[in-house]
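The residues making up each chain are set out below.
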Amino acid sequence: GDSVTQMEGPVTLSEEACLTINCTYTATGYPSLFWYVQYPGEGLQLLLKATKADDKGSNKGFEATYRKETTSFHLEKGSVQVSDSAVYFCALSLLPGNTPLVFGKGTRLSVIA
Amino acid sequence: NAGVTQTPKFQVLKTGQSMTLQCAQDMNHNSMYWYRQDPGMGLRLIYYSASEGTTDKGEVPNGYNVSRLNKREFSLRLESAAPSQTSVYFCASSSSAGTGENEKLFFGSGTQLSVL
Chain A
1 GDSVTQMEGP VTLSEEACLT INCTYTATGY PSLFWYVQYP GEGLQLLLKA TKADDKGSNK
61 GFEATYRKET TSFHLEKGSV QVSDSAVYFC ALSLLPGNTP LVFGKGTRLS VIA
Chain B
1001 NAGVTQTPKF QVLKTGQSMT LQCAQDMNHN SMYWYRQDPG MGLRLIYYSA SEGTTDKGEV
1061 PNGYNVSRLN KREFSLRLES AAPSQTSVYF CASSSSAGTG ENEKLFFGSG TQLSVL
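Chains A and B, in that order, give the protein sequences.
Just so you know, the working numbering puts 37 at position 37 of the first sequence, and the rest follows in order with no gaps.
Just so you know, the working numbering puts 1089 at position 89 of the second sequence, and the rest follows in order with no gaps.
No wet-lab data here; the hints were simulated from the structure.
Do not rely on the hints blindly, as some may be mistaken.
[As the list claims (entries may be wrong)] Cut-off 30 Å, straight-line C-alpha distance, at most; resulting in silico cross-link-like pairs (DSBU-like, lysine-lysine):
id	chain 1	residue 1	chain 2	residue 2
1	B	K1057	A	K60
2	A	K105	B	K1009
3	B	K1014	A	K77
4	B	K1071	A	K56
5	A	K105	A	K77
6	A	K52	B	K1014
7	A	K60	B	K1104
8	B	K1104	A	K52
9	B	K1104	A	K68
10	B	K1057	A	K77
11	B	K1104	B	K1071
12	A	K56	B	K1009
13	B	K1057	B	K1104
14	A	K77	B	K1071
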């Protein structure tokens, strides 16, 4: 079945360090890919998305590129801040229709000053 | 802007007790979902409702029932709670116009449930 595999956490970085969180997927069709973020005590919220190969999603300094050849959608940020501390989830959805999202297990990021 | 509202925020149950988690959205979304979040397991789909009047099982439906009361409300019921159902439960909703925008989920703030 369709699945998403994320790198294991937790990840601890110093402020202004570079971040990469790896995500690979397995899907029978051509999925849309997403990164969601969960701040402490809150529900998940969409961070960025990409709907076709070579698309780059970006938001709040984060970006991820849809790589069909490597079935990957790695999340990157050049300089993290303490406020980026959260749990990050990679997810996929197959179009069209109301297919529920399939989430990865999440990666906890802690950024220290 | 209320978005997705879940109640209660916290609940402690004894094994065998029943309860209903309530969820309501005010965004006129067609699709609604219940997920549970467990350490090391990420989010797992329990049930979803693609549109008013329909419900479907997700990855982990055993021990749960759902009701799509109307377009706004989607409740999750535990008939006989078990310690394995200790978790954080999230309700979510999305539009489903068939344009591809339905994948953006809006989440509630969660219900932390402990079953003793």
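Hint numbers not upheld by this structure, sorted from lowest to highest: 1, 3, 4, 6, 10, 12, 14
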